[in-house]
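Chains S and L, in that order, are what the protein sequence lines are.
For what it's worth, the working numbering labels the leading residue of the first sequence as 1, then goes sequentially.
For what it's worth, the working numbering labels the leading residue of the second sequence as 1001, then goes sequentially.
There could be a bad hint or two in this list.
Claimed, not checked - With a straight-line Cα cutoff of 30 angstroms, these simulated BS3-like cross-link-like pairs (lysine-lysine) come out:
no., chain 1, residue 1, chain 2, residue 2
1, L, K1024, S, K138
2, S, K338, S, K204
3, L, K1024, L, K1336
4, S, K338, L, K1024
5, S, K204, S, K138
6, L, K1216, S, K138
7, L, K1216, S, K340
8, S, K138, L, K1176
9, S, K204, S, K340
Everything labelled a hint here was simulated from the structure, so no lab data went into it.
As a plain string of letters, each chain reads:
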Amino acid sequence: MTAPAQTPPPAPAIEKTAVTKRLQAVGAAREFGILLALVLVVIAATVANPNFLFSADGWRDLLLTPSILVLVAVGQAIVLITRNVDLSVGSILGLSAYLTGRLFIDIPGIPILAVFVAAIVFGGLLGLINGALVAYAKVPAMVITLGTLYAYRGINVLWTGSDRVNASDLPKDFLALGTGQVLWIPILTVIALVVLVVIGWIMKNTRGGREFYAIGSDPSAAELYGLRVTRRLLIAFVSSGALAGLAGVLYTARYGTVNSQAGSGWELDAVGAAVIGGVAITGGVGSVWGAAIGAVLLLTINRALPILGIPDFWQRAVVGVLIIGAIVLDRVLAVRQKRKLIAAREDD
Amino acid sequence: MTTATASTAAPARTYQDYDRPLWKRLLLTREMAIVGLLVIVAVVATMSVRGFGQPITFTYLILDVTPILLIALPMTLIMITGEIDLSVASIVGLSSVLIGVLTQAGAPFELAIVVALVAGAVAGAINGFLVTVVGLPSLAVTIGTLALYRGLAVGLLGTTAVTDFPEFWTDLAKMKLGGSNVPAVLLLFLVLLVVFVVLLHFTPFGRGIYAIGLSKSAARFSGVHVERTKLVLFVLSGTIAALAGVYYTLRFGSARGDNATGLELQVIAAVVLGGVSVFGGRGAIHGVIAGVLLIGILASALRLANVTSDVINIITGVLLVASVVSNSFLAWLRTKRRAPGGTARAKASAAG
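So here's chain L without its partners, still in its complex pose (with noise of 0.2 angstroms):
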């Protein structure tokens, strides 16, 4: 119908990506969404919470996510590829039990936290195994492992807890940088993600990650070697989630079977909010990071709102479910305005 011109005007080459000017390709994105509404429910909850503009908020904000911020990153590139990786909660539990024994038992503290890493290191590299090498779905494998690691976290200590730890680490978990009210975990955090950024967007290796996502046969024929990058992701995963484990430790003082139980569905929900498709493919680090704090912010004005938690949990339901929904929903209506039987090309021009 009203594109019957299109077809006819243009016979120069052009790609559906890149039709449209830089302007609105990097703005008018998913990404971008999320980031905007980031924006505005941080200078909403500024100006309405009373509270919450103080640096002290924004101290225990950055405190209370980094576990969450940490996990998102892996748990990224995993869901990239099209996999997932539910057992990141409870090898945060393993790995804080862990740090609990063997402090416990007399270690130094440096020797615990290597060998928390390296038990998250083959943690994630047995849930890569079973993906890659023996073919199982991840979702089936990663259930099981989150009850196996789970159960071995609970079955070492029991119900018992740890809680004397040096205080020099407990410190440096909560230690602000020199007079100012940046928690220092935030430098961390920083370096892995100019790493992640780095990996993800710069390399070979990161764009191999989107063609498995989108295409896993033709990304293997197109030379990505597959299972090989999975592996690579799935011990990253279990490793920061190791990291985590150690700051959670550090942060609460205390070593418990328990741990971090549920977290998993907390950073999936900030992942997929932050706009990565679950059946892979699409998605981008920034966006991420803005699912985690816009959940972040809006329960922790919420609470200084004295809003119990239950709403914000409804919200972060709602929103996920609605980010999801409405990206179909723009889809739909996309299709609507297609001519029937119109070409790729029609339907780019279109949506501008």
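Bound conformation, chain S alone (with noise of 0.2 angstroms):
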């Protein structure tokens, strides 16, 4: 179907080379529809508008917006792929944001790496009450991360109040990752960049990534197997926390203001980002490939529109009709899936 043609005609078909059978793989992938309908938004944006990559402002721009979403919607994806959900990221990215700023306030002359190691242990903290409520009540993640939700935001505006964080009380050299370069492609896109392969490779090749995903599948079958299924949990949530805590620092360093109400929503799009990026709400399905690739596409979506002539009032409506695009697409294909395996048992 959409595997590229790429093995010449007269080479026979005794043996398919490595590499044609990756090529196969790769054009047969779930992800490789979101990146071509990806490209194709960046052609016709670009089209419409060569500034939209051929400028310094818009190629930065296009790396940049997304790389906050991308780690928000890697760590949901984790944890979307054990059958949870987390709903409380927005929140824990607000907090962490917050705390940036009051760090760099309160201590002058912190170190950043210092900081960002705080945000990062921080939202690993937050993320730990959600899996603790969950893996040891044994409720809902739903629930929990919606009463969590309510609590973070709750606690960071107690905190925060009417104050915020202002650029200025942010050293230079924090706000200059926000807009430094490391050959042409952004800090903060190299720092989304690097946690993404770690985390893909991880999920796709140690026996821990396995793991989720056989939660994800099958939770009894993976308790009876003898997985441990407690200790899984705990780790897919703190470490979604800590990725939001990490985007909360990407956050402060890029916006350089922060107030009480940064990240709000931020839960509803990066569940949106990692679904329409291919994993299953119903877990076990899907990659954190996918779900950055989803996080771009929906940011770099709403750049694209108003450059396309469609005014930005109508970025939302598009966004819902990619994402039920998105899931009715994985319907039909998981069913297309079932009927050719039964086919091939029936012919054995």
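Could you fit the two chains together into a complex? Lean on the hints.
Now the structure itself:
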């Protein structure tokens, strides 16, 4: 179907080389479709206005804007794969963003690295609270994280009040992170990419990573099989919290101003991005790569619409259509796959 | 251990749910716990918060919680089937905007209301279609339509607001019954409440809702129309959300694209607090009403006591978490007390 016909016709079909096999796998992967959609959006926007891609600002925005959501979406994907959901990420992001600002204000001269570590650990702890409640109390993650969404946001408002962190309160070096580039690639994007590659590798290749999928595919089977479900769930929620914490630091670096509402509403964007990227909300399916590409697509479409002549009021409607389209597509693919498997079984 | 005698004593068949006396079955429930908490909070607030006992507080409390009360009714039914509808707040926004646009265009207000309600029903039907016919998880579907309907609402009206509505209707939304302090809109809610209580607790359709939540396939084999039931519920949810949108518009006299943003989480928090299981199969309407009122009263009392809204958020969150965690904690205690390998009957008698 969509697999690119890379095999040259004269080559005998006796053995598929490793390269063609891999190419076919890439073509058939769910992530490829989303990547294709992303490329199409970028091309369309660039044709309408070349500055979208071929100006320094356009290029930077294209890479920079999604990098924060990518981190949150990756964390969300890990949780979704275990058949749970983390609705508190937006509130965790807000809290850690404010913590970042406060640390710079209250402890002048604090090393930037220490702030990063502090925010990540802080986010991880908030995630640990979610995880412990879900794993030990065996309560649906949706309810718990809905509760902590309110609680964390409330703590944030209580702590921040009407105060806010301004760019002038932050050290120059730190703000430079938000705008700086390494070889035409913004630093924040590099951070997001590194995290993505590491987690993507872990999820695909390590035993621990595969256990997330096993738990999401069938929690009771995973338990019977002897997997440490509780520990895995804790790790999933801690990762999601820690990534939201990291995203909070990047948020502060990127925007400079943090008030008590930073990151509110991001939870649905993160879930939306993961779903668009092919992560099934019913667990066990998808990859962090898909979620990351979904996040990029989501935000790139938002920026591309006005360029394509669609008033930006309609952005959310397009995002909605995109999410529904993605899950319908997944459903169709799953049904087809099932039929194929049944046919294969009957052939034997 | 302690239950060794239980298995030998009674050969007569007992049912786990019915071998406790009636008063225990009625009073020792999740729902009554919330109702009790509601009463305690109301009494404490009346005594300790100055101004809370005044009739005007009650009036505004009802006016404020009415949209949540209305939407909580169909949401309860949907959540008992094990599904969820996150798009309700966006439907509120959409219906509000439709009314605004139509009134601005000079259409009669009655027509605008009808169009808004029909649009809500259609929006609900789309959710229901995707969930039942296409077979998608409702959480994912309604996250999508949450964005879609909100997008349509914002797209139709942009950042402008329509504030010009017939006075008759805006007065109606805020009208009080006779000389009392009871808002007339309470009547609308009470009528719907009766309809939903009868529907859920006293009809085969309602029993089917519980059956679906407990086990979808068992429900199907016992003749419940699973798909049709869910579709009907989503249409109901959309329609009631649109009705809440009409009320919301009139109450604040303003139709905006971002009306009622985030209301869906408030509704779900109240429904879950009221004892409805997210896994489906359990819950009752009186618990949900108590849950909505509990959050409403807490918010109103704390505001009068000059506590800022952030504390209310924290309390809402903690209440929500505590209410579900306490449930599984009690269940865990019960299994602790049961002998290893004890029968279900032993568990039931130990639980009393």
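Results for each hint:
1. L/K1024 <-> S/K138: holds, 26 angstroms
2. S/K338 <-> S/K204: Measuring from Cα to Cα gives roughly 23 angstroms; hence the hint holds.
3. L/K1024 <-> L/K1336: Distance of about 21 angstroms is within 30 angstroms: holds.
4. S/K338 <-> L/K1024: Violated - the C-alpha atoms of L/K1024 and S/K338 are around 49 angstroms apart, more than 30 angstroms.
5. S/K204 <-> S/K138: The hint holds at about 27 angstroms.
6. L/K1216 <-> S/K138: With Cα atoms ~22 angstroms apart, L/K1216 and S/K138 stay inside 30 angstroms; holds.
7. L/K1216 <-> S/K340: Distance ~26 angstroms between L/K1216 and S/K340 Cα, so the pair holds.
8. S/K138 <-> L/K1176: violated, 46 angstroms
9. S/K204 <-> S/K340: holds, 24 angstroms
Taken one by one, the earlier hints fail for this structure at numbers 4 and 8, listed in ascending order.
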